[in-house]
Every structure is written in structure tokens, then in C-alpha cells.
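Peer 1: All chains, please: the whole structure from these sequences, using the hints.
Letter by letter, the chains look like this.
Protein chains: 2
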Amino acid sequence: MRVGEAGERELIRALLRVINRLNVNLMGYDDVSACSLGDGRALVVKTDSFVESADMLPGMLPEHVGRKLVVMNVSDFAAKGVRPLGMLISLAVPEDREVEYLVRLYEGAEEAALEYGFDILGGDTSRGEELVASGFLFGIQSEDKLVRRSGARVGDYVAVTGPFGSTAVAFSILLRGLEAPSERVKEEALKSVYEPHARLGEGVALAEAGLVTASIDSSDGLAASLHELAESSGVGILVESLPMSKCLLEFCEYHGINPVELALYGGGEEYELVVTVPPESWGEACRVVEGVGGHLHLIGRVVEGRGVRIVLGREVVDVERRGWEHFRGWG
Amino acid sequence: MRVGEAGERELIRALLRVINRLNVNLMGYDDVSACSLGDGRALVVKTDSFVESADMLPGMLPEHVGRKLVVMNVSDFAAKGVRPLGMLISLAVPEDREVEYLVRLYEGAEEAALEYGFDILGGDTSRGEELVASGFLFGIQSEDKLVRRSGARVGDYVAVTGPFGSTAVAFSILLRGLEAPSERVKEEALKSVYEPHARLGEGVALAEAGLVTASIDSSDGLAASLHELAESSGVGILVESLPMSKCLLEFCEYHGINPVELALYGGGEEYELVVTVPPESWGEACRVVEGVGGHLHLIGRVVEGRGVRIVLGREVVDVERRGWEHFRGWG
Chain A
164 MRVGEAGERE
174 LIRALLRVIN
184 RLNVNLMGYD
194 DVSACSLGDG
204 RALVVKTDSF
214 VESADMLPGM
224 LPEHVGRKLV
234 VMNVSDFAAK
244 GVRPLGMLIS
254 LAVPEDREVE
264 YLVRLYEGAE
274 EAALEYGFDI
284 LGGDTSRGEE
294 LVASGFLFGI
304 QSEDKLVRRS
314 GARVGDYVAV
324 TGPFGSTAVA
334 FSILLRGLEA
344 PSERVKEEAL
354 KSVYEPHARL
364 GEGVALAEAG
374 LVTASIDSSD
384 GLAASLHELA
394 ESSGVGILVE
404 SLPMSKCLLE
414 FCEYHGINPV
424 ELALYGGGEE
434 YELVVTVPPE
444 SWGEACRVVE
454 GVGGHLHLIG
464 RVVEGRGVRI
474 VLGREVVDVE
484 RRGWEHFRGW
494 G
Chain B
164 MRVGEAGERE
174 LIRALLRVIN
184 RLNVNLMGYD
194 DVSACSLGDG
204 RALVVKTDSF
214 VESADMLPGM
224 LPEHVGRKLV
234 VMNVSDFAAK
244 GVRPLGMLIS
254 LAVPEDREVE
264 YLVRLYEGAE
274 EAALEYGFDI
284 LGGDTSRGEE
294 LVASGFLFGI
304 QSEDKLVRRS
314 GARVGDYVAV
324 TGPFGSTAVA
334 FSILLRGLEA
344 PSERVKEEAL
354 KSVYEPHARL
364 GEGVALAEAG
374 LVTASIDSSD
384 GLAASLHELA
394 ESSGVGILVE
404 SLPMSKCLLE
414 FCEYHGINPV
424 ELALYGGGEE
434 YELVVTVPPE
444 SWGEACRVVE
454 GVGGHLHLIG
464 RVVEGRGVRI
474 VLGREVVDVE
484 RRGWEHFRGW
494 G
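Order-wise, the sequence lines are chains A and B.
Sequential numbering from 164 applies to the first sequence in the numbering used here.
Sequential numbering from 164 applies to the second sequence in the numbering used here.
Not one of these hints is a red herring.
Some chain B residues close to chain A (C-beta under 7 Å, calculated; not the full set):
(1) Gly167
(2) Val208
(3) Val266
(4) Tyr269
(5) Glu270
Read the hints as simulated data drawn from the structure, not as lab findings.
Just so it is clear, the structure is predicted and the values come from calculations on it, not from any experiment.
All C-beta atoms, glycine included, are put in the ideal place defined by N, C-alpha and C.
Peer 2: Structure (C-alpha cells):
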């Protein structure tokens, strides 16, 4: 079977069957890998890549590529509650690419890294047919502070760190050619994909305080991320309300599109956290997140059963397991 | 300026000027990056990539690609005296590649990792126009045991862990179409590039015993590696003898080629270590390397001045700073 038919999930599962034979990975199938340092601490590592033919959006500058490479990796550390120590960048580059382009890419990466308190320490360059930039992030965290995808329990609240939909608007404008209702909406949408931010402060604060039972970032799209969290934890999720960005609401009103549809399925590359919090910890979790300048939005509850459903008016409907398939993914 | 004109060294130097602003990298411009864990230990990290259009040799199986990806990364840890804890693999893959191909690549990588006592812990898959596999190796070593490129002192012996030339023969056969004098020579040469080995045991043993002043692996070719070591240490190197593989000698005799030329400039992707040892430590260094099943070959001395020279009969000639340019590198 070809990878285009298998899909990314199936491919990853096939590859995971081959590795981890020494069984030292503390995390299983999760957003990061981790191994024990033998003193109660874990070394935590993550790789995520930016591939020009798959991930480059119209209008993206090299600084944006560098920033995005950092943010996509940091966001997974944020979800697991780990502060990065440093990062490497591996580049494959066509021979006719300007050195200046790569310097600007590195500048964007270094600037983003410094925002999150760490440094790009080095990397590797190879000749290649297209630009591929792989980020390798590493850090240390106490083993008992690591937050997994699999810890959600029935009765927990489900919360997110910010409103959804701005990246979906950007993709609609950039890749589907839809018109923006105003320059302001366009700018806000494009900023969300050109200059994304990860919720590192929020994720680390929640993990350090031991207030979340499970966490994942929303980079694969909200619907896919909710499904992943529910499946990993062996529970269901009922979504009761969704915080949506102003830019999404204005865009959808202008075009007569259902904003919930776009927020659930039209986005991705949105680096909010999706966390589960026991009800008795809810107040403290909100205070902890506000203490680092963030906000926690309650969106629903962990329920018995399987899958993800959403309350829409008087109806409760299934949330499908899909995202922005024409832009990302294999199928 | 385009990267094809700049060359890899100039490109790397341009990128290094942008990063490391927090100055936490203990290694400077070296084979690995490292940062202090604050307790006398350093977290050591490395990335090196296999790019299909640049690095794939005729006849290479997917298992070979996986093994090579591991060995090229482990070899740099070997030179710095660091035992790996684990590795991640980031893959960019064309959609029409068979899943089976990638599974076999991962199997080759995992098997090689297990040989060196660690595990592939995870990775990342993206869609891309050609196969790019980036390895990310990590480990822990005492800060004071890390061996740098820059420590060679005048009077030190220069030694290598094995004979040179087999990969040069393989490249001559596979890429230049030269005939092998026998099936045995061909097999030995091809094995050196399809199934390489890194000198991890030797490198770690020498570093743990504190017996080497500087070290580098020979993956960029022997001439280039000697130049790099000399330049980083601010010294000259005089080569007095070169251990050459039987396969190289037979091949060169058959074709009437100078084997020294091919051993110095025709190889690369040869994962021997090049180390400098104070004369008073020489005996112990040999014993330590033999204790892990290896052998240390004395090839010359660290001298005052700059550059690398070699004694050939009654003459002393300059060793040029070049390698296998048609296969590797940018120029």
C-alpha cells in the first residue's frame, strides 16, 4: 500500500510497531517522546517538519517559516507541560535557494525561540530538491508532571486556551480564494497563520500545578484533536459551546457559512491547547492560566462512551473525525 | 548568493551567526551541540539527514538507508565520546512511496540503534516531493568528558580507528562506473557504504578515560576531516603513514591509481575516528581501544603552523582541503 492511500495515522502506527523495542519511551503514542534520566526527571524530545510543497502558504516569508517551525514543535511541549531547553534545525535545500532566504528563516526561528526562553543550538544542511526544515526540540521535566493524551476521566471538564477559526478563515482566503469582508479580518486571519503563537506558559503552568488530566494541542484541527484525546483516553467528549474568533464570525456572516463547521473542520495549525480538568480543580486552573496572561474557555465535558458530539441548539450531533484534508494529511 | 555557490561551510557559518544568542551551547562549532543540565552533566544533541536526491547510492535498500541514518549520527557522538540515549526520525515522503519501504527503512534504523544500545523513540511523517529522513540523536555525558575538535596540541600523536579507502572504491564503482578487480573486492567495498559501522565503543572508551585531546569522525573524507581538526585547534598536522584497506590497494593496483590519492580525497561517509593523543597516553589509549575490540593506528603528529601535509617517500606535500565533490557537498 502506498502512503497516500494509507493515511498518516496508519503510516505512523505501522512505523511505531517497528521501533521502541527497548521500551524506554515513557509516553507511548503521544505528542512527544520521553525517556527517564533515572533521577525522577525525563528527557523530552519532539520533531516536527515544515515541507515546502505541503506546508508553504501563499505570501509566507522565510521568517514566517522559521517561526512556524519553532511554534509547531513548542506547541506539543506546551501540551505536555514541558519547557524547552533548546532546538536543532535540519535543512534540506535546493542549490538555487538564496543564502539570504535561509538566514532569514533562521532569524525567524531564533526570534521565536527566544520568545519561549530557549535557543536554536545548531543543525544540519543538505542539498535537496525542495526545502524541508525539520525541528528537533528537547527539554527536561519531572516524570510525574508529564501530561498525557490518555488521562481524561468521565466527569472532567474540557477546556481550550483560546477562540478557534482564524486559521480556517486564512486557509479559505489563501487556498480557496474566498473574499475577506474587510482588510481588518484579512489581516487578523493571515496573522494567525503567518505568525502563530504556542501556549507554552499556559501548558507549563497547568502541568506544574498538576491540574490537568489530559492535554493535546489543536494543531491537527479542533475536531481531530478532540477525537484523538477521547480515543487515547477511552472516553467520549460532549462539546457544549465553542469559543470562536471575531474574525471567523465576521467572515462566516459575510459568506453565509456555518462558523461551527469551519471552526471544527476548516482549521488546523492552530496552536491552542485542549485540556481536561477535574471539576474540583477548575477554579484553580482558571487562576493559574490567568496568572500567565492566558484564559481558559470551558467547552464541554468528558462523558461515558466513545467519540465526540456537539450540542447545536436542541440537537446533539456527531463531530466527524476530519480536518482540512486538501491542505494537510495524505488522503 | 545561492547556496550552490556559497558551499556548505560558508552556509553553515552564515546560519551560525544568527543562532546561539543565549550562548548556552557548550560546544561551539563542532559535531554536536550540548547544553548544561546544571549538575555537571550535559545534554548532547545532533541532527544529520539522508536526502534521496543527494545521498542515495545505486543498489541501496531501504534497510541500508535506515542503518546509514543511524550510523551517520552515532559516528558524531562517538567522536565526542557520548553514548546515545535515543533517536527520533523525521520523514518527508512522496505519496506514492510504499508503506513497506518506510517500514523497512525504520527496521534498518532500529536494528542499527539496538546494536549501539539505544532505541528509536518516535518521529514525524510529512508529505514531500522526495524522501528526506532526518535523524535526531540525544544523550548525556559529563561536561568534562566531552571531546572537542579544538583541543589538539603540538606534539600530540594523530591516530585513526581503522583503514581508509573502501568507500572511495565503492563510489568509484557505483558512481564512476569503474570495474572491480574481483567479486570479493566489490562486495567488501559495497558493504562499506551499504552497511557502515560507527566507532562508538572506541570513542566512548577514549573519552571516559580522558585520553584524547581532540577528535572528529572522518565522514567528510579523511583530508577534509584532518583539515577541520587542524583548523579548529589552530595547529598543523603532518601525516606520516596511512592505513589503507586491502580492497583499496587491490582496486588501485588493478586500475593503476594512486591509493593515497583515493584514500585522502575519494572517500567520505567513512565512519572512522581521527583523534589526537598526547604521547605519554599513547600506550594506554591503544589498550583502551583494544579493550573494546578496536585498534588505533598511528598516522602522524600535530605540528606547529597550519594546514595538513603528508610524507610521501622523500617528499612532504600539502594535503588539499577537498573531498568527493561530485557526490557530496554543494560546489
